[in-house]
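Produce the entire structure from the sequences given, and follow the hints as far as they go.
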Amino acid sequence: MSRYMIDKFMRQVELSDALVAAYAADPGAFVDRWLGEPGGPDAATDDRVLTDEERAAFAARDFEALYALGAHPYLLWHFTEAVHAHEFTAESGWRELVERYRAAVAPQGVVDYIP
Amino acid sequence: MADLVLAAATPHNPLLWRAMRDPMPDDLAGVAANFDRFRRAFAEHDVDVVVVIGTDHLRQFSYDNSPAFAIGKADAYHGTWENEVRTFGMEYVELTGHRQLADRLAGRQVQPEAIDFSVSLEWRLDHSFVIPLQYVRPELDVPIVPIHTNASMPPVPSVRRFIALGEHVRAAVEAWESDARVAILTSGHMANDVGGPRTFAGSPDPAFDAAAAGWMRDGDLEGAIDVCSDFERMTEAGCMTYQYLNAVAALAAMGRAADFADVAESRFASSPFFLWTTR
Chain C
1 MSRYMIDKFM
11 RQVELSDALV
21 AAYAADPGAF
31 VDRWLGEPGG
41 PDAATDDRVL
51 TDEERAAFAA
61 RDFEALYALG
71 AHPYLLWHFT
81 EAVHAHEFTA
91 ESGWRELVER
101 YRAAVAPQGV
111 VDYIP
Chain R
1 MADLVLAAAT
11 PHNPLLWRAM
21 RDPMPDDLAG
31 VAANFDRFRR
41 AFAEHDVDVV
51 VVIGTDHLRQ
61 FSYDNSPAFA
71 IGKADAYHGT
81 WENEVRTFGM
91 EYVELTGHRQ
101 LADRLAGRQV
111 QPEAIDFSVS
121 LEWRLDHSFV
131 IPLQYVRPEL
141 DVPIVPIHTN
151 ASMPPVPSVR
161 RFIALGEHVR
171 AAVEAWESDA
181 RVAILTSGHM
191 ANDVGGPRTF
201 AGSPDPAFDA
211 AAAGWMRDGD
221 LEGAIDVCSD
231 FERMTEAGCM
241 TYQYLNAVAA
251 LAAMGRAADF
261 ADVAESRFAS
271 SPFFLWTTR
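Residue numbers (UniProt numbering), protein chains in the order written: chain C, 1 to 115; chain R, 1 to 279.
Check each hint, because a few of them may be wrong.
What the hints assert, rightly or not - Just a few of them, taken from the derived set where beta-carbon distance is under 7 Å, the chain R residues facing chain C:
no.: 1; residue: Tyr63
no.: 2; residue: Gly195
no.: 3; residue: Cys239
Claimed, not checked - If you anchor each label on the Cβ, the simulated ranges turn out as follows:
no.: 4; chain 1: C; residue 1: Ala106; chain 2: R; residue 2: Asp220; range: 25 to 35 Å
no.: 5; chain 1: C; residue 1: Pro41; chain 2: R; residue 2: Ser118; range: 26 to 36 Å
no.: 6; chain 1: R; residue 1: Asp141; chain 2: C; residue 2: Ala29; range: 39 to 49 Å
no.: 7; chain 1: C; residue 1: Ala106; chain 2: R; residue 2: Asp226; range: 21 to 31 Å
no.: 8; chain 1: R; residue 1: Thr278; chain 2: C; residue 2: Arg48; range: 49 to 59 Å
no.: 9; chain 1: C; residue 1: Ala60; chain 2: R; residue 2: Ala171; range: 47 to 57 Å
no.: 10; chain 1: R; residue 1: Pro155; chain 2: C; residue 2: Pro38; range: 52 to 62 Å
no.: 11; chain 1: C; residue 1: Pro38; chain 2: R; residue 2: Val110; range: 36 to 46 Å
no.: 12; chain 1: R; residue 1: Gly89; chain 2: C; residue 2: Glu91; range: 45 to 55 Å
no.: 13; chain 1: C; residue 1: Ala65; chain 2: R; residue 2: Asp141; range: 39 to 49 Å
no.: 14; chain 1: R; residue 1: Ala257; chain 2: C; residue 2: Asp26; range: 54 to 64 Å
no.: 15; chain 1: C; residue 1: Glu37; chain 2: R; residue 2: Met1; range: 46 to 56 Å
What the hints assert, rightly or not - Below, a sample of chain C positions facing chain R; criterion: calculated Cβ distance under 7 Å:
no.: 16; residue: Val49
no.: 17; residue: Tyr74
no.: 18; residue: Gly109
Just so you know, these hints were derived from the structure itself, not from any lab. In this text the structure is predicted, and so the values were computed from the model without any measurement. Even for Gly, the Cβ is constructed at its ideal location relative to N, Cα and C.
What follows is the structure in structure tokens.
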């Protein structure tokens, strides 16, 4: 369980248009690349560790699982929106994603998200 | 000595930036009217410098380094982030800092007894700072001192620390040898659950909203302390509800009931509007 790393990954991706696009294009490959690219020995600390369960959740864009794992709710929603927005259509857009998201997290109630 | 001439607490809901446009949607007319009232009050008070109290949303500050309170001492600030331009349609802005007041508030050599600030000289301000300024002072021509309060990354400061912050701002302004007219512009939420189980479904807790509006309307700091000291209760009202405490800092700074208090209903969670004036 590494809530901090879940939050770190979501934050880093969501802040950047380029990283959102790269992740959305191939989530699984992106996660593996990300794990293998921490800063060098002279960089500020940049540890990158995800459990198999966390890695799988990111590879599948599984917001239901990420919420259960203790992702920060605010980051999780904006990350989810960012990496699904390219799939929005007239029939299924922002509102429908909100409904899917809420349906996934509401049964879980308030989950402890403090790292 | 400088004067604290105005305090305002507003929403900073960034979804307003796209939604609150002419022709004005009916449900947002109340929010727009309140922002207009605040903009006029700000202009009427001839404000020279504004202390902007907001909560960075895990952009500038995150769990690798999360200050309880951070104050900006920069000469200038960049406004908004790439993800906010993308998601909310916000626009990049440049804002001027007020170094002299920042030093008075933060302590130049030794920190004040009242509060321990982290200090930042390089800071990109997020929507919590930019949105209220854009609606209350669209010219963006008044120098600012930004103060971040950690209301999103537990452990958060207690309600009494937010009160200490507000009281410190007043004391530091009143001790400043200057004829400057100073305003406080804080922003936050009523009950709000972005990303939580009641996300984007109106107010997640109307009972909290009603009580919290009453504390401002009545100047009831003790009422605010009583409920806001209970983190579980605050979380029950929504995962981002703790940002309401930025309004409590304004209440503490002014030390009296708000001259105007309204909680505007719309398609979004309820929008706080609390205003203290001296003219």
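Tested hints:
1. Interface hint status for Tyr63 (chain R): upheld, as the beta-carbon distance to the closest one in chain C is roughly 5 Å, under 7 Å.
2. For Gly195 (chain R), the shortest C-beta to C-beta distance to chain C is roughly 3 Å, which falls under 7 Å, so the interface hint holds.
3. Interface restraint check: Cys239 (chain R) against chain C, minimum CB-CB distance 5 Å, threshold 7 Å, status holds.
4. Judged by the Cβ atoms, the range 25 to 35 Å given for Ala106 (chain C) and Asp220 (chain R) holds: they are separated by roughly 33 Å.
5. Between Pro41 (chain C) and Ser118 (chain R) the Cβ separation comes to about 27 Å, which falls inside the hinted range of 26 to 36 Å.
6. At roughly 48 Å, the beta-carbon separation of Asp141 (chain R) and Ala29 (chain C) lies within the given 39 to 49 Å, and the hint holds.
7. For Ala106 (chain C) and Asp226 (chain R), the Cβ-Cβ distance of about 29 Å falls inside the hinted range of 21 to 31 Å, so the restraint holds.
8. Remark: the range hint 49 to 59 Å for Thr278 (chain R) to Arg48 (chain C) is upheld by a beta-carbon distance near 52 Å.
9. Between Ala60 (chain C) and Ala171 (chain R) the beta carbons are some 53 Å apart, a value that agrees with the proposed interval 47 to 57 Å.
10. In this structure the hint that Pro155 (chain R) and Pro38 (chain C) lie 52 to 62 Å apart at CB is violated, the actual value being about 27 Å.
11. About 38 Å separates the C-beta atoms of Pro38 (chain C) and Val110 (chain R), a value consistent with the hinted range of 36 to 46 Å.
12. Distance hint for Gly89 (chain R) and Glu91 (chain C): a CB-CB separation of about 23 Å, inconsistent with the stated range 45 to 55 Å.
13. With their beta carbons about 48 Å apart, Ala65 (chain C) and Asp141 (chain R) fall inside the hinted range of 39 to 49 Å.
14. At roughly 57 Å, the beta carbons of Ala257 (chain R) and Asp26 (chain C) sit within the given window of 54 to 64 Å.
15. For Glu37 (chain C) and Met1 (chain R), the hinted distance range of 46 to 56 Å is satisfied, since their beta carbons lie about 54 Å from each other.
16. The closest approach between the C-beta of Val49 (chain C) and any C-beta of chain R is roughly 14 Å, which is over the 7 Å cut-off, so the hint fails.
17. Of the supplied interface hints, the one on Tyr74 (chain C) holds, with its beta-carbon coming within about 5 Å of a beta-carbon of chain R, less than 7 Å.
18. Hint status for Gly109 (chain C): holds, given a least beta-carbon distance of 6 Å to chain R, under 7 Å.
When held up to the earlier numbered hints, the structure conflicts with 10, 12, 16 and fits the remainder.
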